[in-house]
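A.B. asks: Chain residues, written in single-letter form:
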Amino acid sequence: MRADTATALPAPRDPAAARRIGLAVALVVVLWPAFELAEFRPAKLLDPANLDIVGRFLGTFFPLALDAEFLALVARSALETLALATAGMAAAMALALPLALLVAESLSVSRVGPARRAWLGPWLRAPVRFALILMRSIPEIVWALLFVRAVGLGPAAGVLAIAISYAGMLGKVYFEIFEAGDTRPARAILEAGGGRVSAFCYGILPVAVPELVSYSVYRWECAIRASVVMGFVGAGGLGQQMELSMRMLAGGEVATMLTAFLLLIMLADAVSAALRRALA
Amino acid sequence: MRPGAFVAAPWLVLGGFALAAAASVAYLGVDFVALFTGDSARQMAAFARGFYPPEATPAFLARVAHGAVETLAISALGTAAAAAAGAALALPAAGRWGALLKPPARLALNVLRAIPELVWAAFMVLAAGLGPFAGSLALALHTSGVLGRLFAETLENAPRAPTQALRDAGSGATVAFLYGTLPAVAPQFVSYALYRWEYNIRMAAVLGFVGAGGLGQMLYVSLSVFKTQEAATLIVAMIAIVAVVDVLSAWLRRMLGRSGA
Chain L
1 MRADTATALP APRDPAAARR IGLAVALVVV LWPAFELAEF RPAKLLDPAN
51 LDIVGRFLGT FFPLALDAEF LALVARSALE TLALATAGMA AAMALALPLA
101 LLVAESLSVS RVGPARRAWL GPWLRAPVRF ALILMRSIPE IVWALLFVRA
151 VGLGPAAGVL AIAISYAGML GKVYFEIFEA GDTRPARAIL EAGGGRVSAF
201 CYGILPVAVP ELVSYSVYRW ECAIRASVVM GFVGAGGLGQ QMELSMRMLA
251 GGEVATMLTA FLLLIMLADA VSAALRRALA
Chain H
1001 MRPGAFVAAP WLVLGGFALA AAASVAYLGV DFVALFTGDS ARQMAAFARG
1051 FYPPEATPAF LARVAHGAVE TLAISALGTA AAAAAGAALA LPAAGRWGAL
1101 LKPPARLALN VLRAIPELVW AAFMVLAAGL GPFAGSLALA LHTSGVLGRL
1151 FAETLENAPR APTQALRDAG SGATVAFLYG TLPAVAPQFV SYALYRWEYN
1201 IRMAAVLGFV GAGGLGQMLY VSLSVFKTQE AATLIVAMIA IVAVVDVLSA
1251 WLRRMLGRSG A
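Protein chains in written order, with this note's numbering: chain L, 1 to 280; chain H, 1001 to 1261.
Hints in this document: simulated from the structure, not taken from any laboratory.
Mixed in with the good hints, there may be bad ones.
To be verified - Calculated cross-link-like contacts (lysine to aspartate or glutamate; reagent style DMTMM-like; alpha-carbon spacing at most 25 Å): (1) L:K172 / L:E211; (2) L:K172 / H:D1246; (3) L:K172 / H:E1198; (4) H:K1102 / H:E1153; (5) H:K1227 / H:D1031; (6) H:K1227 / H:D1039.
As the list claims (entries may be wrong) - Chain H is faced by these chain L residues, among others (derived, beta-carbon under 7 Å): (7) L37; (8) P139; (9) G152; (10) L153.
Backbone N, C-alpha and C fix where the C-beta goes; we use that ideal spot for every residue, glycine too.
Produce the entire structure from the sequences given, and follow the hints as far as they go.
C.D. replies: What follows is the structure in structure tokens.
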């Protein structure tokens, strides 16, 4: 728009104002009860007692706790996190593969033609599917809390929590990979009279394995993140130590462990990215 | 890749992973066999049986409903605050306020994003006391890092021509942004915020484990005092919320997609 035509126009009007203001007002009206429900009280942040705690906590953040004994503890916890995520992932993969095989219809013998015990298929598939949904729709940290109550504090609860919730996720994705790929080789084996397992091993696995492994590596990276957080409910590793230090308001220790946590995540990120690039 | 060629890489990765897993189990020193046999297996079975039947007295269901609404409120407020803070940080992070402010804004976004919600929640419980307010703050802090980065990317990819045209016609920087850039990026901002809200509802349900309100806090308390039947109801409520949100958001996306918005 050129300046000389602008002067010829009537008084400037904001075409978008009414709509924008209307939307903003509507948002505030909708969110208003939420402020009450969530006890939104910014004044609490300035409460002298809370300020005192935060002040003391943040005041001890620097310098980081770097004495040899504490660093050794952090290293042990980080290694524990790594180990529990890896062990949990291995268990999850071992659990997910047979479950995914059970629900994969592309391996269904009864779809090829008449088969003995064909009626068994849907009856077997439905509960397995339901179990997979249940396993992944309960958040991993809830599993962790449940297992802490069942088997006690420590990494065992973390391993089991990752095994269960990640088996639910992996099972679904594995199943999708089996179904999405080229299913003709598996079908040919089935039609030639091969069994379900050999159809899988020779018909599907050779094509699907890069994607299976690549996705599992990505999930391993997620499991490391998750296992740090799970420690906060007592499931072992770095998170559990961080929770203890936080409870004692030992800011320097928390700062060191946050740094260790970020380094661990970056390391897992890099390893996972490199592996996936090699697999692509 | 030649079809039929044997690909070694995935099998090598799998083999390496199997070794790592064996080393991990050895390092952890947990006897998983003992965990699932004999006495501890019986104890675990007894623990699992305790969840049935879920607690369903009207009084408790009313409390669960309140907890569920509280969870929704925490996630809504946290996401709304994060969208505002994220947008405010995205402007410098996209280099709109000069090259000097870009690196510190990016660093701030990265730090906010790198610390998980649950760790923020543990911090916020110290700063604001137990309760849902700490949960909203924790979600707001982590999510502003996530949304800020997405918003900044959107801003960087936004077409420059409309803004430049307004500037050339003599409008100020703020007006040029509001009418030249905002209309182009707003739909993307809203869709990122809504997607993140959906995710935050799941998160808000578990933040209570460190005392940040909502269903999570109720579940943590129930399990602490071994009221497993109450815990069962709360877990069902959590799954139900997530399922309802999933269905609603899928439906909403279809509707929005159909109207072309």
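A.B. asks: Next step is simple, just say for each hint if it's right about the structure.
C.D. replies: Hints, one by one, checked against the model:
A distance of roughly 14 Å separates the Cα atoms of L:K172 and L:E211; the hinted pair therefore holds under the 25 Å criterion. Straight-line distance between C-alpha atoms of L:K172 and H:D1246 comes to about 17 Å, which keeps the hinted pair within the 25 Å bound. For a cut-off of 25 Å, the pair hint linking L:K172 to H:E1198 stands: about 21 Å separates their Cα positions. With a CA separation close to 13 Å, the supplied pair H:K1102 and H:E1153 stays within the 25 Å bound.
A threshold of 25 Å between alpha carbons decides the hint, and for H:K1227 with H:D1031 the separation of about 28 Å lies outside it, so the pair is violated. Taking the CA atoms of H:K1227 and H:D1039, the gap is near 22 Å; set against the 25 Å cutoff, the hint holds. The beta carbon of L:L37 comes within 4 Å of a beta carbon in chain H, closer than 7 Å, and the hint placing it at the interface holds. Interface restraint check for L:P139: the shortest CB-CB distance to chain H comes to about 5 Å, inside 7 Å, so the restraint holds.
The beta carbon of L:G152 is not positioned within 7 Å of any beta carbon in chain H (closest approach about 9 Å), and the interface hint is therefore violated. Because the smallest distance between the Cβ of L:L153 and any Cβ of chain H comes to about 12 Å, over 7 Å, the interface hint for this residue is violated.
The structure is inconsistent with the numbered hints 5, 9, 10, although it conforms to all the rest.
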